[in-house]
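If you read the sequences in order, they're chains A and B.
Just so we're aligned, residue 1 is where the first sequence starts under the working numbering, counting upward by one.
Just so we're aligned, residue 1 is where the second sequence starts under the working numbering, counting upward by one.
Some clues are possibly wrong.
Chain B regions said to be covered by chain A (calculated; three or more residues, Cβ under 8 Å) [to be verified]:
| # | region |
| --- | --- |
| 1 | 32-39 |
| 2 | 63-73 |
| 3 | 109-121 |
Under the rule of at most 25 Å between Cα atoms (straight-line distance), these lysine to any residue pairs were calculated in the SDA-like manner [said to hold, decoys possible]:
| # | chain 1 | residue 1 | chain 2 | residue 2 |
| --- | --- | --- | --- | --- |
| 4 | B | K40 | B | V190 |
| 5 | A | K134 | A | E6 |
| 6 | A | K21 | A | A143 |
| 7 | A | K40 | B | Q90 |
| 8 | A | K13 | B | S82 |
| 9 | A | K13 | B | L34 |
| 10 | B | K21 | A | N129 |
| 11 | B | K13 | A | K40 |
| 12 | B | K40 | A | F71 |
| 13 | A | K21 | A | P191 |
| 14 | A | K21 | B | L108 |
| 15 | B | K13 | A | Q90 |
| 16 | B | K40 | A | D31 |
| 17 | B | K21 | A | N52 |
| 18 | A | K13 | B | K21 |
| 19 | B | K21 | A | K21 |
| 20 | A | K13 | B | D112 |
| 21 | B | K13 | B | G149 |
| 22 | B | K13 | A | S82 |
| 23 | B | K21 | B | T33 |
| 24 | B | K40 | B | S82 |
| 25 | B | K134 | A | S82 |
| 26 | A | K134 | B | S82 |
| 27 | B | K21 | A | T106 |
| 28 | A | K13 | B | Q90 |
| 29 | A | K21 | B | E58 |
| 30 | B | K13 | B | L34 |
| 31 | B | K134 | B | R111 |
| 32 | A | K134 | A | A157 |
| 33 | A | K21 | A | Y141 |
| 34 | B | K21 | A | A157 |
| 35 | B | K21 | A | E116 |
| 36 | A | K13 | B | L108 |
| 37 | B | K13 | A | E58 |
Cβ-Cβ distance ranges computed for the label pairs, FRET-style [to be verified]:
| # | chain 1 | residue 1 | chain 2 | residue 2 | range |
| --- | --- | --- | --- | --- | --- |
| 38 | A | T104 | B | T106 | 15 to 25 Å |
| 39 | A | A184 | B | R9 | 32 to 42 Å |
| 40 | B | E116 | A | Q167 | 46 to 56 Å |
Quick caveat, the hints were computed from the structure, so don't treat them as lab data.
Glycine residues also receive a C-beta, built at the ideal position from the N, C-alpha and C atoms.
Protein chains: 2
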Amino acid sequence: MRLLEERIRTEGKVLEGGVLKVDGFLNHQIDVTLLQELGKEFFRLYHNCTVNKILTIEASGIGIACITAQFFDCPVVFAKKSKSKNISDQVYASQVESFTHCVTNTILVSRDYLSEHDRVLIIDDFLANGAAIKGLLNLCYRAGATVVGCGICVEKAFQPGGERIRQTGVRVESLARVASMSPADGITFVP
Amino acid sequence: MRLLEERIRTEGKVLEGGVLKVDGFLNHQIDVTLLQELGKEFFRLYHNCTVNKILTIEASGIGIACITAQFFDCPVVFAKKSKSKNISDQVYASQVESFTHCVTNTILVSRDYLSEHDRVLIIDDFLANGAAIKGLLNLCYRAGATVVGCGICVEKAFQPGGERIRQTGVRVESLARVASMSPADGITFVP
Chain A
1 MRLLEERIRT EGKVLEGGVL KVDGFLNHQI DVTLLQELGK EFFRLYHNCT
51 VNKILTIEAS GIGIACITAQ FFDCPVVFAK KSKSKNISDQ VYASQVESFT
101 HCVTNTILVS RDYLSEHDRV LIIDDFLANG AAIKGLLNLC YRAGATVVGC
151 GICVEKAFQP GGERIRQTGV RVESLARVAS MSPADGITFV P
Chain B
1 MRLLEERIRT EGKVLEGGVL KVDGFLNHQI DVTLLQELGK EFFRLYHNCT
51 VNKILTIEAS GIGIACITAQ FFDCPVVFAK KSKSKNISDQ VYASQVESFT
101 HCVTNTILVS RDYLSEHDRV LIIDDFLANG AAIKGLLNLC YRAGATVVGC
151 GICVEKAFQP GGERIRQTGV RVESLARVAS MSPADGITFV P
């Protein structure tokens with residue numbers, strides 16, 4: 001998606017250690033107008049899949065998931081990274097390693113909000129090693145839900161997550177696919 | 001706001017220990033159509049305040065902040081609860097005690113995204129003891145930003161947070177104000 005690629009090219013910053021910083025518009029400060037365009041594109045890709053639920057993971061997936069859900073006219077469920085007083089004991093759980101936070105989290109979804117009746121679109125801001133998406137897929141499989149596919153804003157296509165998930169037969173649509181990036185040479189995209 | 005009160009009355013659950021569970025529509029599963037109505041109401045309340053930024057805190061504030069920001073045509077910034085690789089060292093920080101998670105978090109906002117030029121509307125799902133809102137106010141004060149007010153979905157009016165914040169001269173608008181709640185007697189609202 002040219003709009004997102006352009007934005008990453010002009011405002012994204014590549015840091016040492018394989019970090020692509022897009023926190024000026026995607027995952028710290030959020031350009032909601034941009035998100036509306038991304039949501040519209042996810043709807044174009046998945047509008048005929050009878051999506052009745054969008055699943056994401058806290059925190060940075062929530063904004064894009066909510067804006068996108070407006071087009072699908074369906075609720076969002078976000079997986080939680082820690083148990084709080086206001087979540088029940090009846091949960092589906094999965095393990096997820098976070099690259100940006102250097103920790104392993106147990107992610108949780110209440111059994112009340114994911115079931116075999118759901119046709120789920122999984123939405124997230126980034127796909128790199130695929131840990132978060134694999135965790136979300138596991139939650140869906142445990143609930144017996146149907147996954148219609150994944151909608152990703154930025155895929156680091158030089159990391160193995162996207163390919164591995166596609167090889168399992170899951171549809172993955174990424175709006176910008178980074179082919180290579182380095183602080184010296186900048187960012188190139190998969191054509 | 002009658003719509004939200006009705007929803008809390010019919011679907012909210014009061015648990016032992018002062019927990020109001022509204023995770024079926026507000027902070028785990030999210031009813032985006034309801035959020036649009038809440039966002040519209042926040043806009044009605046604050047439309048003449050020249051808001052140019054909405055500030056919230058991860059995770060459950062993000063959805064309502066993003067939907068609301070569409071009405072104000074402004075970006076969202078969400079304060080982060082932990083330092084990650086993709087956030088710079090140039091941050092404003094504040095301490096926040098979480099009631100539902102029983103921990104103290106340092107919340108952070110990058111200095112790039114909050115400044116003395118900002119007129120900020122603070123949005124969050126809950127206001128009880130006011131810890132999160134006080135933390136967000138501190139971030140704004142450190143940045144020299146102007147706070148036009150707070151937009152809260154559910155205020156537990158029997159806890160002191162809302163009153164204390166109003167006493168400091170900050171405008172606080174809560175769409176549903178819970179006067180009392182108990183597992184036995186249910187929920188009543190401030191008229």
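Now the hints, each set against the structure:
Given a C-beta distance limit of less than 8 Å, the hint that chain A covers the region 32-39 of chain B holds, as 4 residues qualify and 3 suffice. Judged by the Cβ-Cβ criterion of 8 Å, the region 63-73 of chain B is covered by chain A as claimed, because 7 of its residues qualify and three suffice. Here's how the region 109-121 of chain B fares: 4 of its residues keep a CB closer than 8 Å to some CB of chain A, so the rule of at least three is met and the hint holds. Under the criterion of a C-alpha separation no larger than 25 Å, the hint pairing B/K40 with B/V190 is consistent with the structure, at around 21 Å.
With a C-alpha separation of about 28 Å, the suggested pairing of A/K134 with A/E6 is violated against the 25 Å cut-off. Under the criterion of a C-alpha separation no larger than 25 Å, the hint pairing A/K21 with A/A143 is inconsistent with the structure, at around 34 Å. Our distance criterion of 25 Å between C-alpha atoms is broken by A/K40 and B/Q90, whose separation comes to about 34 Å. Simply put, A/K13 and B/S82 have alpha-carbon atoms about 20 Å apart, close enough for the 25 Å limit, and the pair holds.
As the CA atoms of A/K13 and B/L34 are separated by approximately 36 Å, the hinted pair breaks the 25 Å bound. For the proposed pair B/K21 and A/N129, the alpha carbon gap of about 34 Å is over 25 Å, so the pair is violated. In summary, the hint linking B/K13 to A/K40 is not supported, as the alpha carbons are separated by about 35 Å, beyond the 25 Å threshold. For a cut-off of 25 Å, the pair hint linking B/K40 to A/F71 stands: about 17 Å separates their Cα positions.
Note on A/K21 and A/P191: the hinted pairing holds, with a Cα-Cα distance of about 21 Å set against a maximum of 25 Å. Between A/K21 and B/L108 the CA atoms are separated by roughly 16 Å; this keeps the pair inside 25 Å, and the hint holds. Under the criterion of a C-alpha separation no larger than 25 Å, the hint pairing B/K13 with A/Q90 is consistent with the structure, at around 15 Å. Between B/K40 and A/D31, the direct Cα distance comes to roughly 19 Å. Compliance with the 25 Å bound is thereby established for this hinted pair.
For the proposed pair B/K21 and A/N52, the alpha carbon gap of about 23 Å is at most 25 Å, so the pair holds. As the CA atoms of A/K13 and B/K21 are separated by approximately 40 Å, the hinted pair breaks the 25 Å bound. Restraint check for B/K21 and A/K21: the C-alpha separation of about 35 Å exceeds 25 Å, so the hint is violated. A threshold of 25 Å between alpha carbons decides the hint, and for A/K13 with B/D112 the separation of about 14 Å falls inside it, so the pair holds.
Between B/K13 and B/G149 the alpha-carbon distance is near 29 Å, which puts this suggested pair outside the 25 Å criterion. A threshold of 25 Å between alpha carbons decides the hint, and for B/K13 with A/S82 the separation of about 20 Å falls inside it, so the pair holds. About 19 Å separates the Cα atoms of B/K21 and B/T33, which keeps this hinted pair within 25 Å; it holds. For a cut-off of 25 Å, the pair hint linking B/K40 to B/S82 is broken: about 31 Å separates their Cα positions.
A hinted pair counts as satisfied when its Cα atoms are at most 25 Å apart, and B/K134 with A/S82 qualifies at roughly 23 Å. Pair hint A/K134 plus B/S82 holds up; C-alpha atoms about 23 Å apart against a cutoff of 25 Å. A C-alpha spacing of about 21 Å is found between B/K21 and A/T106, which places the hinted pair at or below 25 Å, so the restraint holds. A distance of roughly 15 Å separates the Cα atoms of A/K13 and B/Q90; the hinted pair therefore holds under the 25 Å criterion.
As the CA atoms of A/K21 and B/E58 are separated by approximately 18 Å, the hinted pair is consistent with the 25 Å bound. Under the criterion of a C-alpha separation no larger than 25 Å, the hint pairing B/K13 with B/L34 is consistent with the structure, at around 18 Å. At most 25 Å may separate the alpha-carbon atoms for a hinted pair to count; B/K134 and B/R111 meet this at roughly 18 Å. At most 25 Å may separate the alpha-carbon atoms for a hinted pair to count; A/K134 and A/A157 meet this at roughly 16 Å.
For the proposed pair A/K21 and A/Y141, the alpha carbon gap of about 32 Å is over 25 Å, so the pair is violated. Distance hint between B/K21 and A/A157 is unfulfilled; the C-alpha atoms sit about 40 Å from each other, more than 25 Å. Between the alpha carbons of B/K21 and A/E116 the distance comes to roughly 24 Å, so the proposed pair stays at or under 25 Å and holds. Among the hinted pairs, A/K13 with B/L108 is consistent with the structure: their alpha-carbon atoms are about 20 Å apart, no more than 25 Å.
Of the pairs offered as hints, the one joining B/K13 and A/E58 holds, with about 23 Å between alpha carbons and a cut-off of 25 Å not exceeded. Taken as a hint, the range 15 to 25 Å holds for the pair A/T104 and B/T106, whose Cβ atoms sit roughly 21 Å apart. The hint said 32 to 42 Å for the Cβ distance between A/A184 and B/R9, and at roughly 59 Å that hint is violated. Separation of B/E116 from A/Q167 is about 51 Å and conforms to the stated range, judged on CB atoms against 46 to 56 Å.
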